[in-house]
Amino acid sequence: MGRESSVTMDTVHTCFKDKVGEVMLPGDVFSFAVSAEEDGVVKVEKLVCGPGLRRNGEEILVCKSGILRRKAPNLYWIDSQQKRYVPAKGECVIGIVTAKSGDIFKVDVGGSEQASLSYLAFEGATKRNRPNVQVGDLVYSQFIIANKDMEPELVCIDSCGRANGMGVFGADGLLFKVSLGLVRRLLAPQSEIVKDLEKIFPFEMVVGMNGRVWVKAKTIQQTLIVANLLESCENMTAQQRQTLFRRVAEGSL
Amino acid sequence: MKMEQSVCEPVCTVLREYACEQNILSKPDGSASFKQGDTSVLAGVYGPAEVKVNKEIYDRATLEVVIQPKVGMQSVRERAREQCVRETCEAALLSTLHPRSSLTLVLQVVHDDGSLLSCCLNAACMALMDAGLPMSRLFCGVTCAIDAESQIITDPTAQQEKECRALMTFAIDAKDRNVMMSSTRGSFSVEEE
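From first to last, the protein sequence lines stand for chains P and D. Heads up: the first sequence runs through residues 248 to 500, numbered per our numbering. Heads up: the second sequence runs through residues 299 to 491, numbered per our numbering.
These are calculated hints, taken from the structure and not from any lab test. Don't take every hint at face value.
Ranges of calculated distance between the beta carbons of each label pair, as one might list FRET restraints [stated by the list, open to error]: (1) D:M371 / P:F423: 34 to 40 Å; (2) D:R314 / P:F416: 36 to 42 Å; (3) D:K353 / P:F423: 47 to 53 Å.
Straight-line alpha carbon distances no greater than 30 Å define the calculated BS3-like cross-link-like pairs of lysine-lysine that follow [claimed, not checked]: (4) D:K460 / P:K353; (5) P:K395 / P:K318; (6) D:K350 / P:K336.
Even for Gly, the Cβ is constructed at its ideal location relative to N, Cα and C.
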């Protein structure tokens, strides 16, 4: 997701470690002067900058406001809240097909420009066997090219040529938009929100990293309830969320 | 510029009560409301979004600022303010990270009781931060008025602005305290500035 730039500097970790968990603002700078130690040896450490941090020569500049987080041993990033998605390579997103032109589909992913999806990038697709994709369909796909200088490109197969859960979906159900922070919480390995929601009634859910979520339950009413609950989870603490889910579970039974 | 004999010290650097709230609107990617006393401005930011081909810049984001007055249509006064806000935001944003995209900043004047341009600058900075756009620095806006007795008043109300002989608005960088933009009206000496 973030740009990696390994920086070799002296006493980097001590400066950063002090600030982990603190709120940082754009303009905060970590500058390190490489100074020789007493015995003439300069300690060299590698540091990986994630999203929100940029290298500026000998300095590291904070460019987004948020909380500084760390993943051992040397990865640091700024945890910030955003609604707008910026395409990044390797992320799986939900896109809406807007146009078919020649050999590619134009897909809207919610970024600054539309992404292109080749019709050969589906499992089992050949020049004669075209995939059944219409304008307005939802596709779950992955970015293979996503940088600021080029048009983003999507594929619906992985590196082995298998679909792996990607492709066209969503015959029924509801697609809605949430913030990127909530999406990251939903996609976490042991997500509390998903576990609590499963207890109310069964449903299908597809979560795209561009903030789009698709849900489908047995009836339309249940689908709407799940959608509303997910949208409201944004600003609630765990306690408030569990109380709300319990009330809904009792009400619907 | 009239030459004055005496150099005056700022008598009071008291700012009016200010309040700020972020993420108040659901549709824009970032929004903020900034109040200085009775002056209140609402800001909304959209971006990075699609840009029209005739407006796109190949290596930077295109920033558009729109200031809507409380009543009536936009006039030359709003256009001048838009220019000031746009220059300050361009200097603070890292627009090279989003080439061929558009960033739109819409400012709505809810109430004007003096120091409007600095309130717009503050609301703009808060909204850009709320949208998560990469910035190289934060900035703030402050207005000073010099009245007939050569006293410097900071954050003047509309009444004080009408009676003063010079009005200055500065956008100041939060990190190094440098002046990023200045907009002045009236007559004053170099020392006073």
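Taking the CB of D:R314 and the CB of P:F416, does the distance hold inside 36 to 42 Å? 55 Å, violated
When you check the alpha-carbon spacing of D:K460 and P:K353, does it fall within 30 Å? Violated, because 56 Å separates the two Cα atoms, which is more than 30 Å.
Next pair to validate is D:K350 with P:K336; report whether the Cα-Cα distance is within 30 Å. Holds - the C-alpha atoms of P:K336 and D:K350 are around 25 Å apart, at most 30 Å.
Honestly, do D:K353 and P:F423 meet the 47 to 53 Å range at C-beta? Hint violated: Cβ distance 31 Å, outside 47 to 53 Å.
Assess, step by step, whether the Cα of P:K395 is no farther than 30 Å from the Cα of P:K318, and give holds or violated. Holds, because 26 Å separates the two Cα atoms, which is no more than 30 Å.
34 to 40 Å was suggested as the range; check whether the CB atoms of D:M371 and P:F423 agree with it. 36 Å, holds
When each numbered hint is compared with the structure, violations occur for hints 2, 3 and 4.
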